[in-house]
Structures are given as structure tokens and as C-alpha cells.
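Peer 1: Sequence:
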Amino acid sequence: MIAFGCRRLAAIAIVLGAGFAVPTTAGVAQEVTAEAPAVTTLREASERAALLLPDLAAGQASRDQFAAQRRAARGPFVGPPVVSGNIEIGRDGIGEQEAGISAGLRWPGEGRAAQLSADLGRDVVDATQGAARLALAGQVRAAWWALASARAAVAVERAQAGVADQELVAVTRLVDAGVQARRDLLLAQGERAAVRARLSAAETDAVGARAAYEALAGRPPEAFPAEVPAVSGIGIDEHPEMRAASARAAAAEANAAALRFGSRPRVNGSVGVRRERGGVRDEYASALLVGIGVPIGRDYTAAAATAGARSQAIRATAEAVLVRRRLVAERSAGEQRLAMTRRAAQEARQRRDVLSEALALTERGRREGELGFIEALRARQALFAASRDLAVADVAASAAISTFNQAQGVLP
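Position 247 of the sequence shown, counting from 1, maps to 246 under numbering that gives the first Met the number 0, and the rest follow consecutively.
Take every hint as true, because none was put in to throw you off.
Listed next, with one range per pair, are the computed distances between beta-carbon atoms: (1) 291 <-> 237: 46 to 52 Å; (2) 317 <-> 234: 19 to 25 Å; (3) 233 <-> 39: 25 to 31 Å; (4) 181 <-> 335: 50 to 56 Å; (5) 302 <-> 236: 30 to 36 Å.
Because the hints were derived from the structure by calculation, they are not lab data. Ideal Cβ positions, reconstructed from N, Cα and C, are used throughout, including at glycine.
Based on the provided sequences and hints, a complete structural model is requested.
Peer 2: What follows is the structure, encoded as C-alpha cells:
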């Protein structure tokens, strides 16, 4: 009968669980990445990726943890007081009754130190979320421009493949008519094969770049608009990464200071009442009990925890110094990269324009019989290479703006 009841309860639980299923994180991720429409700006892509940021998901739980630690640091006691009671029963009945309460006592300033540690720990949660948003934005920016570069390369190679197909058809017709030599046909076939191979490689790279982007922000956009360079960035101390590093250092110092109280001898105080009598016919006599307990040895476990906390504080302070130096270097590099990529894009465009005009003159000389197919092929290859470099340079210039803004600590 009991086994039947258990099976019945299990069946009811399964039915209720199916009816009131809670969406899982994996389900939310699938909905965000697969069903959401494509974004149009980097800001939208970054905000969508942040929906599944682990630091944001666990942020409230971490705040609740530090709020509980702050509440635990109130009052003069370490932990909740303990109530105890004893009864002595002999041949004549109850001979003695005792009730008391005991608790570990805090050292002066220990509660304030623990509360400060909890407050700074909560600040670490907030600062870490800001730094995590910026770091995720950097990943989205990198994936955004990697996909833009891959698609630009595919577009250039596809256009070149079309030109190579047309040239092969024209050369084949001229060779069949006896106007051009078979050598020109072989060269045109080789050029077409090379262009097709580069197109396949570019399409393969684009597939990988698309997968990397979709893993962060879902469906990619059709166009990739560039950001606007930040006019005035925030100070180093207000940079999200610097704030997080400074908050971790301050919290580690406060935690080490709070744990130092735990390495001291923990005094326990107790207060109680005792009622006792000599015999069954005697009246109970009451007495007030006041006690104190002091450890006769050192708590090496607490001492080890204090030493570990101090080591973490030193490490966090050193890491904050390194973060500051890295941010300063990244800002300087971002400014230089922005200027250099802009200059490189201008030079690439000038090169493409010059080679385009050179190809036009070469084609005219070929039609007039002054130049042959090899000269025209070389001029076309040079123009194709310049067009490919220009596409890459344009994307690199736009990506440099994002890198510059990232170094400034600015979200898209």
C-alpha cells in the first residue's frame, strides 16, 4: 500500500512538473540567439549578448550574499546565542535544574570591520558587472568586424570571379577564332582557377566568422555600420576595468582586516539560573550563574585564513597596478591605430584608383594591338589585389574606431 502511494505521488509530481516547467538558461539562450531578429547596430548586438552574461545573472544572488553577511555582523555576538538546559534526577526525583544562554563575544570594532567588508564586497559585484559588460562588448566588437571583413573579402573575390569567368569566355572565343594563342587560354584558365580558390577560402572564413558572431549575439546583420569615435573618454580611475580592479583590492583589504579579529582568542560568555534542593521535602534554592570561557591555545585555522586573506589583498593591489598600466598602454595604442588605419585606407584607395586607370589604359592598348594578353592579365591581377586590400583597409579603419572606444571604456 505504501509503495502504491509513493508511485502515485511520483506520477502526480511528474504531471505537475510538466505543467509548470520553468524555462531554463539553455532555453533562453536558444530563444535569444536563434529566434530574435537581426540587429542593425553594434549597440543592439552588445545589449543582446549581455542578456546571457553570467555576471548579470548571478548579480542579485551575490548581493543577497553580502547583505546576509552584513546582517550577520550586527550585534555583540559571533553567531546566534546557544540556549542550554540541564536536569539532575536522583532517587528522590528532580534534585537540580539549570538553564543558561551562551555566545561568542565580538572584539571591539569587529562588527564594523565585517560590515565594511560586506559593503565593499557588494561594490565588487557592481563593478565586476560593469567590467563584464565592457569585456563582452569588446568580444562583440571583434566578432562584428571579423564578420564584416570576411564578408567584404567574399564580395571582392566574388566580383573578381565574375570578371575571370567573362575573360575566360572571351579568350576562348578568340582562341577558337585563331586570333589569340592557346597560351592565353591556359593563362585565363589558371587565373579563373586561382580566383575560384580564393573565393572558396574567403567563403570558408566567412562561415567561421558568422558562427563566432552568432555564438555571442545571434543572427548577424546585413550591413555593418561603424561607430563614432568617442569625443572625450572617461578617466582611468572611472574605467570599468579599473573600477573593478580597485574594488577588488579594497574588498580584499577589508576582508583581511575583518578576519584578523578571528585569529584572536574568542571569548565566550554565559548567563544562567540554577535551582537545587537537598531532598524531596526541601525548598529549591536559586542561584544566578555568570561564566566566561577563554581558549588556552591559538586558533591556527583562523590564523591561516587571515594569512590567506592578506595574501589575496596584496595580490589584488598588485593586479590593480597592472590593470592601470595596461589601460594606459591600450589607450595610447588605440589612438595610434586609429590614425594609422585611416591613413592606410586612404593610401589603399589611391592605389586602387591608380591601378584602375592603369588597367583601362592597358585594355585600350590591348584593343589597339600595342599590348598583349599577359600585360592585361597582370594589370587586372594588380587591380584585384588593390581592391582586396582596400576592402580590408576600410573594415580595419572602422574596427579601429571600435578598438579606440573600447580602450576609452565606452560601450557601443
